[in-house]
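There are 2 protein chains.
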Amino acid sequence: MISVSARAVAGPETRFAPTMIARREPGSHDVVIDIAYAGICHSDIEHARALRGRPYYPLVPGHEIAGTVAAVGQAVTRFAVGNAVGVGNMVWSCRACPSCQRGLEQYCEGQRVLTYNARDRDGSITQGGYSEKIVVDQDFVIRIPDGMDLASAAPLFCAGITMYSPLRHWNAGPGMRVGIVGLGGLGHMGVKLARALGAEVTVLELAREKRADAFRLGATQFLDSTDPASFASSAASFDLIISTVPGNVDLDALLSLLAADGTLVSLAITPRPLSCEAVSLLNNRRSLAGTRSGGISETQEMIDFCAAHGIAAEVEVISADDIDAAYERLLRGDVRYRFVIDTATMRLEFA
Amino acid sequence: MISVSARAVAGPETRFAPTMIARREPGSHDVVIDIAYAGICHSDIEHARALRGRPYYPLVPGHEIAGTVAAVGQAVTRFAVGNAVGVGNMVWSCRACPSCQRGLEQYCEGQRVLTYNARDRDGSITQGGYSEKIVVDQDFVIRIPDGMDLASAAPLFCAGITMYSPLRHWNAGPGMRVGIVGLGGLGHMGVKLARALGAEVTVLELAREKRADAFRLGATQFLDSTDPASFASSAASFDLIISTVPGNVDLDALLSLLAADGTLVSLAITPRPLSCEAVSLLNNRRSLAGTRSGGISETQEMIDFCAAHGIAAEVEVISADDIDAAYERLLRGDVRYRFVIDTATMRLEFA
Numbered sequence: 081m082i083s084v085s086a087r088a089v090a091g092p093e094t095r096f097a098p099t100m101i102a103r104r105e106p107g108s109h110d111v112v113i114d115i116a117y118a119g120i121c122h123s124d125i126e127h128a129r130a131l132r133g134r135p136y137y138p139l140v141p142g143h144e145i146a147g148t149v150a151a152v153g154q155a156v157t158r159f160a161v162g163n164a165v166g167v168g169n170m171v172w173s174c175r176a177c178p179s180c181q182r183g184l185e186q187y188c189e190g191q192r193v194l195t196y197n198a199r200d201r202d203g204s205i206t207q208g209g210y211s212e213k214i215v216v217d218q219d220f221v222i223r224i225p226d227g228m229d230l231a232s233a234a235p236l237f238c239a240g241i242t243m244y245s246p247l248r249h250w251n252a253g254p255g256m257r258v259g260i261v262g263l264g265g266l267g268h269m270g271v272k273l274a275r276a277l278g279a280e281v282t283v284l285e286l287a288r289e290k291r292a293d294a295f296r297l298g299a300t301q302f303l304d305s306t307d308p309a310s311f312a313s314s315a316a317s318f319d320l321i322i323s324t325v326p327g328n329v330d331l332d333a334l335l336s337l338l339a340a341d342g343t344l345v346s347l348a349i350t351p352r353p354l355s356c357e358a359v360s361l362l363n364n365r366r367s368l369a370g371t372r373s374g375g376i377s378e379t380q381e382m383i384d385f386c387a388a389h390g391i392a393a394e395v396e397v398i399s400a401d402d403i404d405a406a407y408e409r410l411l412r413g414d415v416r417y418r419f420v421i422d423t424a425t426m427r428l429e430f431a
Numbered sequence: 081m082i083s084v085s086a087r088a089v090a091g092p093e094t095r096f097a098p099t100m101i102a103r104r105e106p107g108s109h110d111v112v113i114d115i116a117y118a119g120i121c122h123s124d125i126e127h128a129r130a131l132r133g134r135p136y137y138p139l140v141p142g143h144e145i146a147g148t149v150a151a152v153g154q155a156v157t158r159f160a161v162g163n164a165v166g167v168g169n170m171v172w173s174c175r176a177c178p179s180c181q182r183g184l185e186q187y188c189e190g191q192r193v194l195t196y197n198a199r200d201r202d203g204s205i206t207q208g209g210y211s212e213k214i215v216v217d218q219d220f221v222i223r224i225p226d227g228m229d230l231a232s233a234a235p236l237f238c239a240g241i242t243m244y245s246p247l248r249h250w251n252a253g254p255g256m257r258v259g260i261v262g263l264g265g266l267g268h269m270g271v272k273l274a275r276a277l278g279a280e281v282t283v284l285e286l287a288r289e290k291r292a293d294a295f296r297l298g299a300t301q302f303l304d305s306t307d308p309a310s311f312a313s314s315a316a317s318f319d320l321i322i323s324t325v326p327g328n329v330d331l332d333a334l335l336s337l338l339a340a341d342g343t344l345v346s347l348a349i350t351p352r353p354l355s356c357e358a359v360s361l362l363n364n365r366r367s368l369a370g371t372r373s374g375g376i377s378e379t380q381e382m383i384d385f386c387a388a389h390g391i392a393a394e395v396e397v398i399s400a401d402d403i404d405a406a407y408e409r410l411l412r413g414d415v416r417y418r419f420v421i422d423t424a425t426m427r428l429e430f431a
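Same order as they appear, the protein sequences are chains A and B. With the numbering used here applied, the first sequence corresponds to residues 81 to 431, in that order. With the numbering used here applied, the second sequence corresponds to residues 81 to 431, in that order.
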C-alpha cells in the first residue's frame, strides 16, 4: 500500500481535516499519478454534506484531477513517468457492454466505479482527488497535451467534459443557436466550448453582474433569467439549451425558448422531480434530455480540442486549508469560475 | 355558401344532433370534398366535452377525413373531380416561416388553422369532418392512393401520421427496438407502421386480452404494463418508446426501459404536468420528447407507404346516429381499433 496525505470530511457537518489514506500498490495496468491540482465540483459538496445518496465517511472528494505520472505498471503502454495526465469521475467500467463498446463508459451497464465514494472491485471505497496521489487503471487516464497549465486543465475532467459531451452529441456548431443557463464552473466552460465549436452562444443567468464576463467568454447575447421579458422576446429562438443550474428550474420557460426540434439538456440531479407541461414538448417537437459527463475517448478528444483552441477553465487556486471556505463561496456563487486545490499544500510539512 | 348536413354538439354535456353548417364557396385554390368517412379520435371527445381548451359551440369534430373530390377551384392543379383524397388536422398554415419551409406545418410559427374548433382566416370557426362536405385549400389535401379503402384510410390522417412522424423522425427501422404503449387507435397503427419500417416491436398494454392482437398486428413481444416484473426484466432494452396513452403515466418506469440514447415520446396532452426524476434522463442519456401529428408532405409519404405495404387502420364503421355510443365505448377502450362514421348516414333523407 501507498500512504498519501489527503483532506477528508468525517461526516456531513464536519470540516475538512488532514488525513492519510491508502492507495493500492500499482498493478500491471495501473498508473500512479502525483496529483498537482484538484478542482472543486458542486457535486463534491453534495456528497461531502450527504445532500444526495449515501456517503461513506471519511470521504475524500475530487474528480477533477490533473497531475504527473509518477510510476507505471509493467503492462502500461500509453503513459510514461513524467507525462501530464488527468482523471475525471470514473476509474473503472466493464468495457464489454454495449455502452462501453460505443465509448459511453459513463453509461456502463456492468460495473462502473466512480472516482470517489464508490465501491471498488476489491470492496474498498474509492477516494478522490483531494489527495497527493492516486492509482488508476491506464484506460481511465487522460493525456494532458503538452504546454497546458495543470491548474486550469483540472476542471476540464468534469466541468469541461460534462459540457463538451452534450454540445457534441447535439451537434453544436456553425448555425446552431445555443443557450447556456447558469454561468458557473460548468457554464463558463459551456460558453467557451460552444463558441469554439462555432455556435452562436447566449448566456441565461440571474446575476446581471456576470454580463460582461459572458461576452468576454464568447457569448453574443445575455438574457436575464429572472425577467419574463427575456423569455417573451426570445421565444422559439434556440436549437439547444443546456441548463447547468444545480437545482430545479422553470422548465416550461426554458422549453418555450426552443425552436422546432430543439433540445433542453438538464445536467442537474435535482432535489425535486423534473416537471413540465405536455404542450411544452409537443410544441415544436421539443426534447428534454439528460447526460452524465462523457466517455473516456471523448474526454481525450475534449482536452485535445481545448488545447488546439487555447481553451481552459478560469480558476482560483486555493490551499487545502481553504476547502471549507471555498465550499461556502461556491454555494453563494462567489467563484470565477472554478476553485482548484493546490495539492502541494497537503504535504505533511505543511500540515 | 354551401349548406351541408353535419352532426354537432351544442355544449359539453349534450348529445350529437343533426344540423346544417355552411361551407365557403370554393376559392381558386380550394378543393370541395364529398366526405365518405370520418374517424373518431380521442381528442374529438376532449374537445366536444370541453375537457381541454375552450370549445366553440355548436361544435362539429372530425379531423380524420376521407372522401372524393367534388369540385376544384380554377387554380387547383393537383386534384381533379373524382380523386380519392383525405384531410387531417390542419387546413391552413403560413407556408413562409422556418417550420413551414421545412415541411413542419404542424409547428407553423405564423397562422396555422386546425380542421375544427379553430378561428379561420375569415374569422369564422372551422367545423370538422362529421359532415357531408368540406372545402379545403389544395395545399392541405392529401391524395389517397388508388385502390385504398376509404373507411380504413380515414384514420390514417390523424392516428396514422401521428405515429408515422415520430417513428420516422427517431429513425425506427431495422435494428431498432420500439415500444408502443397502449394498443388503441394510435397504438395499433404504431405497431403496424413500426413493423413495416423494419423495427422490432413490443406492445406495452394493461389489457392482457389484447395480447393476441398485438402479435397479429406485428409485435414480437407483449409486456403487461401493470406488472412491475415487466419493467424489471426489460430494463434498458428499448431505443424508442411512444406512449399513446391519453393521460398521465409513470414516466420513470417507461424511461427505465430505454437503452443508451433512447427516446420516450409522449403524445398526450395530459391533465397534469409530465414529471420524472432527473436521474431517469441522466442515466443512459435519455430524452423525453413530444410531437404533434406530422407535416403535409410527410402525411402524403405516410399514406403512400401504407399503400405500398398494404397497411391501413382496423375500423368499425358506425352510423352518425351512434356517435355518442361510440364515444362511451372509446372511453372504455372498447374499440378495435378506430370508429369511423359513414357520412352517408347523415344525409337528410336519413335524418
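Incorrect hints may have been included.
If the Cβ cut is set under 7 Å, some of the chain B residues that face chain A in the computed set are [as the list claims (entries may be wrong)]:
id	residue
1	G91
2	T94
3	C177
4	C180
5	Q181
6	L184
7	Q191
8	L194
9	R199
10	A340
11	I349
12	P353
13	L354
14	L361
15	L362
Note that these hints are calculated values from the structure, not bench results. For every residue, glycine included, the Cβ atom is placed at its ideal position computed from N, Cα and C.
Hints and how they fare:
no.: 1; hint: G91; result: violated (25 Å)
no.: 2; hint: T94; result: violated (27 Å)
no.: 3; hint: C177; result: violated (9 Å)
no.: 4; hint: C180; result: violated (10 Å)
no.: 5; hint: Q181; result: violated (10 Å)
no.: 6; hint: L184; result: holds (5 Å)
no.: 7; hint: Q191; result: violated (15 Å)
no.: 8; hint: L194; result: violated (13 Å)
no.: 9; hint: R199; result: violated (18 Å)
no.: 10; hint: A340; result: holds (5 Å)
no.: 11; hint: I349; result: holds (5 Å)
no.: 12; hint: P353; result: holds (5 Å)
no.: 13; hint: L354; result: holds (6 Å)
no.: 14; hint: L361; result: holds (3 Å)
no.: 15; hint: L362; result: holds (4 Å)
Going through the hint list in order, the structure does not satisfy hints 1, 2, 3, 4, 5, 7, 8, 9.
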